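Asks: Line by line, the protein sequences give chains A and B.
To convert a position in the first sequence, counted from 1, into my numbering, add 1.
Just so you know, my numbering puts 59 at position 61 of the second sequence, and the rest follows in order with no gaps.
Because the hints were derived from the structure by calculation, they are not lab data.
All of these numbers come straight from a predicted model, not from anything done at the bench.
Treat each hint with caution, since some may be false.
To be verified - Computed Cβ-Cβ distance ranges for the label pairs, DEER-style: (1) Pro163/A x Val15/B: 29 to 39 Å; (2) Asp20/A x Glu100/B: 24 to 34 Å; (3) Lys85/A x Asn205/B: 27 to 37 Å.
Unchecked claim - Straight-line C-alpha distance at most 20 Å; calculated SDA-like pairs for lysine to any residue: (4) Lys183/A x Trp178/B; (5) Lys183/A x Glu135/B; (6) Lys155/B x Gln173/A; (7) Lys155/B x Asp23/A; (8) Lys38/B x His313/B.
Glycine included, each C-beta is placed from N, C-alpha and C at the ideal position.
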Amino acid sequence: MPKLIPQDVADQIKSILADMKDPITLLYFSDGKCQTCVETGQLLEDIAVLNPKINLVVKDSVADADEAKKYDVRRIPGFVVLDKDGHDRGVKFSGIPAGHEINSFLAAIMELSGATPALDADVLARIRKIDKPVDIKVFVTLSCPHCPGAVQTAHLLAMHNPLVKAEMIEAQTFQEMSRVYKVSGVPKIVVNDKEELLGDQPIESFLNLIERL
Amino acid sequence: MFNFTIEKPKKPAASDVVYDFVALGGGPAGLNGALYARRKGLSTAVVAHELGGQLRNTHAVENYLGFETIDASELIDRYVAHVRSLEIPIFTQSRVIAVEKEDDLFVLRLEDGGRIRSRTLLAALGGSPRRLDVPGELRLASKGVSYCATCDAPFFKGMHVVVAGGGNSAVEAAMDLAKWASRVTIVHRSRFRADQTILDRLKDVKNVSVMLETQILSIEGTDRVESIRIRNKADGIESSIPADGIFIEIGTIPNSALFSSLVKLNDRGEIVVDGQQRTDCEGLYAAGDITEQPFRQIVIAAAEGAKAALAASAHLNMKGTR
């Protein structure tokens, strides 16, 4: 498949990725034929060649089912972003992060590589105090300009507390799941399958909801 | 296929750095303000959680001089590239949680704990979608009630949706939705306010119908939108339109909360400015949809940003602080 990212955009992304500090790994699961599996694989390849600190590992969702289970990758195309030590920090993407969502994808890479400013100390303290498992699903469409912010915030929470897992879900690829979760507007944020937030909310709104769980 | 807006991560300047001019907001007003300020020689920064402002909610722009039609994301890219070409730092990593004035300096407190200081400040945070304020609207938000056609249109494939509003945004949303929905009905309480050129194009879209002089009374449905209750203003007759969704495009409310303790707001929450975009707080300017000017247009917001920057430059020159 030809490259998905045009050269001018690739050049800009390369310049951003130049600030990466630590290496990261994109652990991608696909069966090579699902809806958008080929495109997602190509996008990840296009990004990975832009910086040697990005390590792309492609897994077969059937043959490597045990590994998919280990990383809790339940949907394909799907991938997790691992930190420099190969640790799963709860940052997951289900569906292709194209369109506006390229921004949350790049943000996840940069944040896990240690290239972004630290969080406010009070906010960080609240995140670290979370003492129960929190599963955050952020439903998006690729034409939604407000969605990457919500995904980025959810991923940030996950990076700073091992009990928090955060997943971007591209609603058009996972239509049945979107129906089950009654998604008709995005970004839709579902926490522990019962509480909901709408829109690109500040991190305090996420924390307020999580602290009420 | 890619709407690439992420910025290189930048740490806010150390707290001892003081800018001459900071534009708070990444839409046409803020970015054009920054451009003009920098060209005047002011040390300048842009602070914006999202770049593009309300341009991000639209597809094509057809009323910006020099472009017969341009994709909104391309126009944003051009704005940002132009600002970048002058090496103006753009801080997008963190939201502003407070704006304070300490002696003669404005201090922006960021979510990540950072501080940005400036001698003058441009308030250009634009607006957020205005609500209809009818029964059912909040309860069915994201259950068929939407404020972003570009975001949510794919969920209404083959369905019937209503668009509330009669301005350019409403008509453009209806035409965008018509590509997905089987049928679109525009409902507006008075006459169209949209440009005639857009209305002419609307006539060619076969699956859009129009109900003017019609008031929306409520949005009905149990778990999701099922119908819209309306009243015909001519005869007063009430009826229901079966619908799977409603897109509300009736303008914006100003994002002025951060400034409420610093400047005079009118009764709609808009910042009151004079002919040079000055507020009643010395050194604080406002431009675009956050102000009380009635015409919400890209070119007007951009022009107001320029006026604010020029006024700020003159103000600093007069004070002799640069």
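Asks: Now tell me if each hint is right for this structure.
Replies: Outcome of the hint check:
For the hinted restraint 29 to 39 Å between proline 163/A and valine 15/B, the CB-CB distance of approximately 36 Å keeps it satisfied. In this structure, aspartate 20/A and glutamate 100/B meet the distance hint of 24 to 34 Å, their C-beta atoms being roughly 32 Å apart. Between lysine 85/A and asparagine 205/B the C-beta distance comes to about 53 Å, which lies outside the given range of 27 to 37 Å. Between lysine 183/A and tryptophan 178/B the alpha-carbon distance is near 18 Å, which keeps this suggested pair within the 20 Å criterion.
At roughly 17 Å between alpha-carbon atoms, lysine 183/A and glutamate 135/B fall within 20 Å of each other, so this suggested pair holds. Proposed proximity of lysine 155/B and glutamine 173/A is supported: the alpha carbons are some 11 Å apart, at most 20 Å. Proximity of lysine 155/B to aspartate 23/A is assessed by CA-CA distance (about 43 Å); at most 20 Å being required, the pair is judged violated. Of the supplied pair hints, the one linking lysine 38/B and histidine 313/B holds, its CA atoms being roughly 12 Å apart against a limit of 20 Å.
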